[in-house]
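In the numbering used here, each residue's number is its place in the sequence shown (first place is 1) plus 162.
The set of hints was computed from the structure by calculation and includes no laboratory data. Fair warning: there could be bad hints in the mix.
[What the hints assert, rightly or not] Under the rule of at most 30 Å between Cα atoms (straight-line distance), these lysine-lysine pairs were calculated in the DSSO-like manner:
#1 K207 - K303
#2 K236 - K303
#3 K313 - K246
#4 K317 - K300
#5 K303 - K227
#6 K207 - K236
#7 K313 - K303
#8 K207 - K237
#9 K303 - K237
#10 K289 - K317
#11 K246 - K317
#12 K289 - K237
#13 K246 - K227
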Amino acid sequence: MKTKIKIMVFYLLAVILGGCVQPSLHPLFTENEVFYDPNLSGLWKASDSNETWHFSRFEETNGYKLVITQEDGKKGAFAAGLGKLENTLFLDVYPIESGEPGIDFYKEHLLGTHSFIMVLQMDPTLKIAIVDSEKVGKIIKADPNVVRYEKVDDKIILTAETGEIQRFVVDCGINAIDDANSIFDEPAEFIWLAEDANDNTDDEK
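Between the sequences and the hints, there should be enough to build the whole structure, so can you do that?
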C-alpha cells in the first residue's frame, strides 16, 4: 500500500505573489552552486501592499534567511539560496519555521518542500516571478514525461533530482519566458526600505 506523504507547503509565498507555489522535493541548486549577493540583503516591501520580505545572511553560509511578514502580522521564515541558470538568477526557498503549533510526533510526519523564484532584477527595485503550480500542471498534462513528479491529494509534487529540475526550469521557463505556456507567474515588485544591520559588506544600494 502506497503511503501518502504529508507535504508542508507554505502558501504564504502564494498569498504575497498572487499565485500558486510549485513544491519540489529537491532543491534547484546544489550547495556549491549558491552564492551570496549583498544587494539582495535588507528589508523589501511589496509595491502593492504592506507585506515585507527581509533577507539576511544565514549564519556563516552563502545563503539567506528570508522572513516574510504579511499585512496581518503573520510571519514565515525560510532558507533561501541564490544561484544562476543560463545567466538568470533564481532563489530556491525552503521553510525553516512553520509557526504552527503541534505535537512533535505530528511535526515529524511533515515534509518541507522547495519552491523556486526567478529574480528579474534587484535594482532599483526587486522584481521576481514564482514558478507557478497551475502552469506546471498544464505543461505536465500536455507531456507527462517532461519532468518527474507525483500527485499527492491531487497536488503535483516535483520529485526530480536537482539536475533534472534545472533542465526543466531552463526548457519550460527561461527558454519560454515570452511564451504563454511559461512556468512563471506574473512578476511581483518590491521596494527596498532598509539595509540589513548584520551585513558587514561595503556594498551600497
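Against the structure, the hints come out as follows:
Among the hinted pairs, K207 with K303 is inconsistent with the structure: their alpha-carbon atoms are about 36 Å apart, more than 30 Å. Distance hint between K236 and K303 is unfulfilled; the C-alpha atoms sit about 35 Å from each other, more than 30 Å. Distance restraint check for K313 and K246: the Cα-Cα separation of roughly 28 Å lies within the 30 Å cut-off, and the hinted pair is therefore satisfied. The hinted pair formed by K317 and K300 meets the criterion: a straight-line CA distance of about 12 Å does not exceed 30 Å.
Distance hint between K303 and K227 is unfulfilled; the C-alpha atoms sit about 35 Å from each other, more than 30 Å. Taking the CA atoms of K207 and K236, the gap is about 15 Å. The hint holds against a cut of 30 Å. Taken as a hint, the K313 and K303 pair is honoured in the structure, with Cα atoms around 12 Å apart against an allowance of 30 Å. With a CA separation close to 14 Å, the supplied pair K207 and K237 stays within the 30 Å bound.
Distance hint between K303 and K237 is unfulfilled; the C-alpha atoms sit about 34 Å from each other, more than 30 Å. Restraint check for K289 and K317: satisfied, since their Cα atoms lie roughly 27 Å apart, inside the 30 Å limit. Between the alpha carbons of K246 and K317 the distance comes to roughly 27 Å, so the proposed pair stays at or under 30 Å and holds. Restraint check: the Cα-Cα separation between K289 and K237 comes to about 21 Å, which is no more than 30 Å; the hinted pair holds.
Using a Cα cut-off of 30 Å, the hinted pair K246 and K227 holds, with the two alpha carbons roughly 18 Å apart.
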